[in-house]
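Each chain is listed here by its residues.
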Amino acid sequence: EPEVTQTPSHQVTQMGQEVILRCVPISNHLYFYWYRQILGQKVEFLVSFYNNEISEKSEIFDDQFSVERPDGSNFTLKIRSTKLEDSAMYFCASSEAGGGHQPQHFGDGTRLSIL
Amino acid sequence: GQNIDQPTEMTATEGAIVQINCTYQTSGFNGLFWYQQHAGEAPTFLSYNVLDGLEEKGRFSSFLSRSKGYSYLLLKELQMKDSASYLCAVRETGGFKTIFGAGTRLFVKA
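As given, the protein sequences belong to chains A and B, one line each in that order. This note's numbering applies: residue 1 is where the first sequence begins, and numbers increase by one. This note's numbering applies: residue 1001 is where the second sequence begins, and numbers increase by one.
In short, the hints are calculated from the structure, not lab data. Here the structure is a predicted model, which means the values were calculated and not measured. Where a beta carbon is used, it is the ideal one built from N, C-alpha and C, also for glycine. Accuracy of the hints is not assured; some may be wrong.
Unchecked claim - Here are a few chain A residues that face chain B, going by a calculated C-beta distance under 10 Å: (1) Leu84; (2) His105; (3) Arg111; (4) Ser113.
Said to hold, decoys possible - Sample of chain A residues facing chain B (criterion: CB under 8 Å; computed from the structure): (5) Gln14; (6) Glu18; (7) Phe45; (8) Ser48; (9) Ile60; (10) Arg80; (11) Ser81; (12) Glu85; (13) Phe91; (14) Pro103; (15) Phe106; (16) Gly107; (17) Gly109.
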């Protein structure tokens, strides 16, 4: 069964550094998402992306965050200047369509640790 | 405001039936999803409801009442591997943003 893949599985970064989290969505999917989950807390929506542009973003997704689809397969989340509170599990997800009954399929996540 | 409420924890016995409730108040409604999440892993899709009523899928069923802002997930013939968190999530109108509840941690005991 096709799956969403994320790399790296664990990223350790010094505060203030830039970090790029990478995702390869399922190949025939057109909608891409990033979520984060701080340890012990709920999954939080960050951003959705369709047709090479952001379709919706949450208040968490401020100017230090950006997303990009640099080629036909990768989808990246960049955090420009990391803070301690950015430590979390970051999940990429994709879906075939944007609404209706289409579920979002999640990758295994990247655990980001900011020191 | 946006709010999704689920019980924090539940315990049930192997072979039994358990019902996990979810109530929601969100900015618009375009469907409700249930996901299963084992500790340290990604959420995996279980079910979807957009119309009132019951959707059945093997050992799992999900119910929705839009007028009451209420859903439940029913798990039958519980197995030890069903021990996990169960996340209720609502897709807002417009179709992109999905709001997750904090999850219900289910413990299945022998």
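Item to check | Earlier hints that do not hold, by number | outcome: Violated hints (numbers, rising): 1, 4, 5, 6, 9, 10, 11 and 12; every other hint is consistent with the structure.
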